[in-house]
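Trainee: As a plain string of letters, each chain reads:
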Amino acid sequence: MLRIAVVVLLLTLAGTPAAAQPAYPTRPVEIIVAFAPGGGADVAARLVAAYASKKWGQPVNVVNMPGASGITGTLRALGARPDGHTLLLEPHATASMLFAVESEVPFKMDGKTPIGLMTLDPVIYTVKDDSPWKTLADVAAAAKRDPKSFRYGIAGVAGVAAFSVSQFLYGAGVPVAETNRVVFTGGAPAITALAGGHVDFAGQQWSESAPLIQGKKVRALAVVHPTRLPGLPDVPTAKEAGFPDLDVVGWQGLAGPPKLPAPIVAKWVALLEEASKDPAFLEQAARVNKVIAFKGPDAYWQFQQEELKKYVPLATKMGIRK
Amino acid sequence: MDTLPFLAHGFAAALTPQNLLFALIGSVLGTLVGVLPGLGPTSGIAILLPLTAFLPPAPAIIMLAAIYYGAMYGGSTTAILVNIPGEVASVVTTLDGYQMARQGRAGPALAIAAISSFVAGTLGLVGLTFFAPPLADVALRIGPPEYFGLVVLSFSVVVSLSGPSLLKGLSAAALGALVALVGLDPMSGVRRFTYGTTTLLGGIDFIAVIIGLFAITEVLLSVEASTPAVSLAPLGKLMPPWSELRRCIATMLRATGVGFVLGLLPGCTPGAISFISYDIEKRSSKTPERFGHGAIEGVAAPEGANNATTSAGFVPLFALGIPATPALAVLLSGLMIYGLQPGPLLFEKQPQFVWTVIASMYVGNVMLLILNLPLVGLWARLVKVPYAVMAPLILIFSVIGAFSVRNSFVDVGMALAFGVIGYVMVKLGYPTAPLVLALILTPMLESALRQSLSMAHGSALVFVQRPLALVLIAVGLALTAWSLLARRRT
Amino acid sequence: MEGRRAELLAGVVLAVLGALSLVEALRLRDDWQGARLMPGALGVVLVALALGHLISRAPAVAPAWPAAVGRARVAALLVGLVGYVVVLPLAGFLASTAVFVLALLRALRGGGWTRSLALTVLIAAGCDLVFRRWLGMPLP
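Protein chains in written order, with this note's numbering: chain Y, 1 to 322; chain Z, 1001 to 1490; chain S, 2001 to 2140.
Derived from the structure by calculation, the hints contain no laboratory data.
Among the hints, erroneous ones may be present.
Here are some of the chain S residues that sit facing chain Z, going by a computed Cβ distance under 8 Å [as the list claims (entries may be wrong)]:
{"id": "1", "residue": "2037"}
{"id": "2", "residue": "2094"}
{"id": "3", "residue": "2101"}
{"id": "4", "residue": "2114"}
{"id": "5", "residue": "2138"}
Distance windows between CB atoms, simulated [what the hints assert, rightly or not]:
{"id": "6", "chain 1": "S", "residue 1": "2140", "chain 2": "Z", "residue 2": "1484", "range": "49 to 55 Å"}
{"id": "7", "chain 1": "Y", "residue 1": "244", "chain 2": "Z", "residue 2": "1012", "range": "20 to 26 Å"}
{"id": "8", "chain 1": "S", "residue 1": "2033", "chain 2": "Y", "residue 2": "321", "range": "42 to 48 Å"}
{"id": "9", "chain 1": "Y", "residue 1": "137", "chain 2": "S", "residue 2": "2044", "range": "21 to 27 Å"}
{"id": "10", "chain 1": "S", "residue 1": "2140", "chain 2": "Z", "residue 2": "1005", "range": "27 to 33 Å"}
{"id": "11", "chain 1": "S", "residue 1": "2090", "chain 2": "Z", "residue 2": "1242", "range": "36 to 42 Å"}
{"id": "12", "chain 1": "Z", "residue 1": "1471", "chain 2": "S", "residue 2": "2122", "range": "54 to 60 Å"}
{"id": "13", "chain 1": "Z", "residue 1": "1198", "chain 2": "S", "residue 2": "2129", "range": "53 to 59 Å"}
{"id": "14", "chain 1": "Y", "residue 1": "145", "chain 2": "Z", "residue 2": "1345", "range": "32 to 38 Å"}
{"id": "15", "chain 1": "Y", "residue 1": "171", "chain 2": "S", "residue 2": "2129", "range": "30 to 36 Å"}
{"id": "16", "chain 1": "S", "residue 1": "2054", "chain 2": "Z", "residue 2": "1195", "range": "23 to 29 Å"}
Even for Gly, the Cβ is constructed at its ideal location relative to N, Cα and C.
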């Protein structure tokens, strides 16, 4: 009896009847995330997917295709039929940073239909909670004084943190080549190592750093954002901390395969814009440590190109441009 | 000690009919998902996460946690019955579990797996309940040099599992290490062994290799005979005799200890932990030669260690907001969407929520035991299903399982390739366990080594300067030496 | 001598893999303590193991290859499996699985067609329902 009930329950939950939609979407939509579940890109996708499902009555499913720093999944999404039922969640990594670093990317930066920017994940510079360094200036001074014992942790040689920390160190005149760069495989291991005192400094994204900051294991020194973050009112902005030129930020947006029809793009743009003003959605986003920032397709494309321009010289300086 | 009243409240909430129902559904779903090869806890939670979106937060989390535990248990069922580990952690269970099934002792194997999982999981939860915050802090102190020490320790297991020929065992391990290196280097992003293709860019997936080496190889081997069957021995009793159970008590306690302590460390792969636990058990036994041929402790140890690890994994998750495994990372994002802010403040700000979830994990463990012990009879009988039906099912599940990892057919191809490789290896007398262990350990070895060196500007002295790391390395070398000497004697 | 030959072959394979590893280590443009560390070290280990195979004086175990009939069965299964995987993205999950299952059932149990067909429908349709429709996996 219980089993029957369970089966009925599950079948009803799983088989959402398609509401009578005259137009798109007429079947379930897939948003491909080229990264593992639970990561920054995945969380952003699931937020939007849930919102869109509820709005349109059609399931919008997140499909994870991790591997090769996001190249595998991105290739699959861009090669899909442009009928609006397969979309791509684009994080900064595959939309701009990759092109600043790699010369042979299997897809072109303009080989897609940009839909819009959805979320930002600001960079937060952090040190261990009991560190003697209380401001970014302290860190810069210490690193200049004794670069050989200065250890910083980053997630990936060409990730957000690599750029954010390098930008800070180079900008502050620290002899970077003499410092110790410890590379981790993800944001969580990097921040964990910071909390454990195995490295002295980090510059990961908000969603990666938030739990340990809130848990008082790690201290935030500054956030790279025009204003202070609502969840971290005591943390100054980079500008306030005396480093106005820091501008590396993580973000996630939505795109589709090339030649996606305009009405479908318009529908999504309208949804994203609406979500960005919906208080319930904003609250949900804040809970998973994402800042909602909306840009329409043209502004989004412009933004990506500006980002690329920003990263190329930095990548060259860091010696990672291939 | 205000933990107990909170826990009591938690139990009150967890034992409501609604929450019990969801714990039950989660356990069942999780077990089913875990039984399917390739669909481990990670994909299980990811796939089933949308289903929980319709529920209020507490039942949703209860269900997700139950799915997680269930999936961990489900993986061992197929490991024992048909030599297909449901996920990474069940690989070790196949070593003795499948042998027991072939001897007609599938029942006792399944039973001890359930019992050991229950005991270790529950004890682990006790650790979580009372010691979470301080344990999490200790776990933070384990950095790259210490992880390197752990890897050296794990290496001694390779020697132990090499079977009669050390040369062949090491060769298998070396092959496993090579497979692990294919793809993008996770730290520097450099392409290795991809030879210009995008196919190999994502690396060779671990699950695909396991499916190939265990499931497909086994089918290829079985098909040689004209009347293949998993077990030609008559099906014996369903429960292990008391004498064996009594022997396993010490095993379960040891496994709980090892699994829990190592499970606290986010950088320590759970698969490696079950190998270590198995090896410790083998060394503690007065008759180690039984291991690998159907020793019941060989099932009790890894199963217990797995569940203790599962429980321990929640310590950094709740206390620090750090997921120790990909499955927990998905769980974490689910938790956050439901308004749970993991981190040290969790216990202060949302005690009700946390304790309800923890209480329902206890309940879930009991539920799994109650669900599965009676089912042992049913599962054990599966061994008698005609092979003509089993073989296609195993192969289809293998294909689906390999596909499901990254929704890619490349992985299916890999599984097939390793099916053939495994077949050849078995025929030539090369043990597959070291290959799998090396495959698991190499990423950990590489990152620990490189990170440690870069912490000290490339100097290897970093290992000597940190006492804990030094101790672990020394113990690892000692264990390896012990294993080598033990081989000389036999 | 079968066993000895097999061991030498294995040794050669290991040597080749070791060489590939060393070549890759040399080709990479990174530090020796970076991405090149493991391929380099592993290359050396593989070559050492290959040498170990060559000079090993342990009695060689002859591999237990199956008799001709067994070999044919294994080969047939492999061909069938490869065929299934190749056809799957083209013909869709339901159709390919049905054909595969039917072929295997017939090959392994012989007997009547009705039973085989019934089982085929049960298995193929069941899998399709559970994995593709219910769990929503993106199978073709």
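Trainee: Could you tell me which of the numbered hints above are not met by this structure, giving the numbers in increasing order?
Mentor: 2, 4, 7, 8, 9, 10, 11, 13, 15
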